[in-house]
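Q: Listed in order, the protein sequences are those of chains E and R.
For the first sequence, the residue numbers in numbering that gives the first Met the number 0 are 0 to 348.
For the second sequence, the residue numbers in numbering that gives the first Met the number 0 are 0 to 337.
It cannot be assumed that every hint is accurate.
[As the list claims (entries may be wrong)] Cross-link-like lysine-lysine pairs, in silico, BS3-like; alpha carbons within 30 Å at most:
hint	chain 1	residue 1	chain 2	residue 2
1	E	Lys32	E	Lys2
2	R	Lys250	E	Lys148
3	R	Lys324	R	Lys170
4	E	Lys213	E	Lys53
5	R	Lys250	E	Lys115
6	R	Lys324	E	Lys85
7	E	Lys53	E	Lys27
8	E	Lys148	R	Lys249
9	E	Lys314	E	Lys282
10	E	Lys240	E	Lys53
11	E	Lys32	E	Lys3
12	E	Lys115	R	Lys247
13	E	Lys156	R	Lys249
14	E	Lys85	E	Lys53
15	E	Lys53	E	Lys231
16	R	Lys170	E	Lys156
17	R	Lys249	E	Lys139
18	R	Lys250	E	Lys139
19	E	Lys156	E	Lys85
20	E	Lys115	R	Lys119
21	E	Lys2	E	Lys282
22	E	Lys115	E	Lys240
23	R	Lys247	R	Lys170
24	R	Lys54	E	Lys139
25	R	Lys324	E	Lys139
26	E	Lys85	R	Lys250
27	R	Lys170	E	Lys115
[Said to hold, decoys possible] Stretch by stretch, here's where chain E covers chain R in the computed footprint (C-beta under 8 Å, at least three residues):
hint	region
28	235-246
29	254-263
What the hints contain is simulated information worked out from the structure, not anything from laboratory work.
Even for Gly, the Cβ is constructed at its ideal location relative to N, Cα and C.
What follows is each chain in one-letter form.
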Amino acid sequence: MSKKVKVSVQGLYKIFGDDGASKVELVKNGMTKSELLDQHGHVLGLQDINVDMKEGEITVIMGLSGSGKSTLIRHLNRLIEPTAGKILLDGEDILSLQGDNLLEMRRTRMSMVFQKFALFPHRTVAENAALALEVGGASKQEQRAEAEKWLARLGLKGFEDSYPNQLSGGMQQRVGIARALCAHSEVMLLDEAFSALDPIIRSQMQDLLLELQKELHKTIIFITHDLDEALKLADHLVILKDGYVIQQGEPQHIILNPSDVYIERFVSDINRARVLRTRSIMKPLGGQDLSVALPVLADDNLESVIEMVHGDTSKSFVVEENGEQLGYFDMHDIVAAMVPQRAKEEWVG
Amino acid sequence: MSSYSGLFDLLGMREWCDEDKKPSLMSLGKLKGGEANWYDVKFPSLDNLHEACAKVPQTRDFTAGIEDGFLAIRPVLRTVLDPLTQPLSWALDGALWLFTSAPWWLLVPVLFGLCVFVTKSWKIGALVLSFLATFLFIDHYDHAMQTLAIIFVCTLICVVVGVPLGIAMSKSDRLQRAITPILDMLQTLPTFVYLIPLIFLFKITEPKLYGLAIILYAIVPVVRLTNLGIRLVDPDVIEAAEAYGLNKRKKLWGVEIPLALPTIMAGINQTIMMSLAMVVIASLVSAPGLGTLVLDGINNLRLGVGFVAGFAIVLLAILLDRVSKAALDRVNATQSNH
Ligand SMILES: Nc1ncnc2c1ncn2[C@@H]1O[C@H](COP(=O)(O)OP(=O)(O)O)[C@@H](O)[C@H]1O
Ligand SMILES: [Mg+2]
Chain E
0 MSKKVKVSVQ
10 GLYKIFGDDG
20 ASKVELVKNG
30 MTKSELLDQH
40 GHVLGLQDIN
50 VDMKEGEITV
60 IMGLSGSGKS
70 TLIRHLNRLI
80 EPTAGKILLD
90 GEDILSLQGD
100 NLLEMRRTRM
110 SMVFQKFALF
120 PHRTVAENAA
130 LALEVGGASK
140 QEQRAEAEKW
150 LARLGLKGFE
160 DSYPNQLSGG
170 MQQRVGIARA
180 LCAHSEVMLL
190 DEAFSALDPI
200 IRSQMQDLLL
210 ELQKELHKTI
220 IFITHDLDEA
230 LKLADHLVIL
240 KDGYVIQQGE
250 PQHIILNPSD
260 VYIERFVSDI
270 NRARVLRTRS
280 IMKPLGGQDL
290 SVALPVLADD
300 NLESVIEMVH
310 GDTSKSFVVE
320 ENGEQLGYFD
330 MHDIVAAMVP
340 QRAKEEWVG
Chain R
0 MSSYSGLFDL
10 LGMREWCDED
20 KKPSLMSLGK
30 LKGGEANWYD
40 VKFPSLDNLH
50 EACAKVPQTR
60 DFTAGIEDGF
70 LAIRPVLRTV
80 LDPLTQPLSW
90 ALDGALWLFT
100 SAPWWLLVPV
110 LFGLCVFVTK
120 SWKIGALVLS
130 FLATFLFIDH
140 YDHAMQTLAI
150 IFVCTLICVV
160 VGVPLGIAMS
170 KSDRLQRAIT
180 PILDMLQTLP
190 TFVYLIPLIF
200 LFKITEPKLY
210 GLAIILYAIV
220 PVVRLTNLGI
230 RLVDPDVIEA
240 AEAYGLNKRK
250 KLWGVEIPLA
260 LPTIMAGINQ
270 TIMMSLAMVV
280 IASLVSAPGL
290 GTLVLDGINN
300 LRLGVGFVAG
310 FAIVLLAILL
320 DRVSKAALDR
330 VNATQSNH
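Here chain E stands alone, though its shape is the one from the complex (with noise of 0.2 Å):
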């Protein structure tokens, strides 16, 4: 894992009220966000946040509702300003930008898709999708241009001068990534972006997500409070309570290793065999017969695995990867992933 770090988030607290700054304090020595509101009347949005967001990876950032998800995206593009902390875009420190320069920034280097889709009901589905390029000054014919060829790759072809109301949520907010693309920034924000949608045209949206993630390699932070739509996007994933990191790192690592109790719960309910791959529960080489094993692919999941040998429970495998041959697992080992693990107490990240 070489990758540049797009976006590096240090340290960072919010604390909201009128006078945050001189709370940090408090919580930095241990006190808690029910004993901040009792006793001073200050809420705690975010605690002590390090993250760092690979270039042209997916971060998701789970948590349930009130965990501080929205307030923590909206740092990253100085909607909202921190109590303490670094935010760096490109090792670049953004708390130091200040007026146009940070109207600039938001314009071309960060662009963000909103939960409720936030289109601007009085301008069509074209002028919208061009909004960022409008404000940047260029010319009709240019916006129209982007805004045509980016909304045609969502597949609104023919409804560019239709109105946002006129459109079903799927398709408005299909507009809202098209409104991010055409900023052309390097960098995306996805607030809850396909929480407000039907599951089916949720899962399509995911799909498409990740098709013109293979296309364009942004980076993309996406927030979440649905485990299976971060598993299905997440390259590196963030899961939060009450403001603070609880763990974070490689999805597959989080549902084998839950640090506490409150990501087993969440990890409890999924389908582990389907979120499951290979790689994630092979044993290294070295003495076993790989004679009788079975070649699979590392990014094959269990439930495909088991699937191939109609649950025959005297198989063993063999994991490849690009004609290399990485590991090695056998039937038991699926059975015993497909148990939830116990928080381990002293989980080290």
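Fit chain R with the ligands to the known structure of chain E by using the hints.
A: What follows is chain R with the ligands alone, placed relative to chain E:
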């Protein structure tokens, strides 16, 4: 005499009370005070206390004090307000001249065209035409045009002042807190009371006297509804505007005002209707127009004159309401019914 004389005696203040008085009256007061029965006991109002003790001021002294105070600051106020409001007089005179000296065969088509243009509706145009024809036919056309000219100028000023004020209020909670009580007062003050300080300030023959009265009364809804409209713009949409780097000016003109426009237009509609209500009352302070006919009806007991003028005012009200509502509907349509 008063039953409260005893009280002042009891408090040992008699001497202070009667410093400027002849002692003989005091003894008389004492005598009568003793005979007062409980049924007739008076509330210790200023006037009643004054009877018992001349040092206590009467209510009349207070009203006189207000008058004196007002008269004292009048020259200062005049030197400030007079030049400031002079353009209002010019505008009113100019509009009155324009509306009354333009021949009917020119003005009627112009008004018709204007209404059709803002409403994009031939039906409204036909209504306007038939009402104007009615005014011409019953010989109330000149008065109606005078009223219309005044409403035109006053509404324009209300919008030019009120919309920016409403926008400023929507941006600052402090300004909102400061201005809301003033708006409440302007709205609840009986319409006649407006005229009192203005009569003191300006000559009754000056058009700005009634112009100010109308503007003060009619500006309230456009300020209120502009403020409300901007505050009610979907915060998600505002956030999106900010996230894509719109600056304050672009956010205001590109997002907030367009989205608040239906509410602002509703405010303008109310402002127009309130101008009409006030312009009739303002005929008391020499505002020309249909109101003078109503006043004539009241003063000289000419029932018919008053009724017909009242009828013409109703027609004018319907006309103004329909045209401004149709313009409002058109704004709504371009916003949401695509
Ligand atoms: N402007 C604010 N003032 C006070 N508290 C806030 C504000 N914004 C968010 N919060 C609080 O911060 C916490 C996190 O909110 P949010 O980031 O919206 O959570 P999520 O998006 O995960 O549902 C909540 O407890 C919320 O009440
Ligand atoms: Mg949220």
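Q: If you check each hint against the structure, which ones fail?
A: Structure breaks hints 1, 6, 11, 16, 19, 20, 24, 25.
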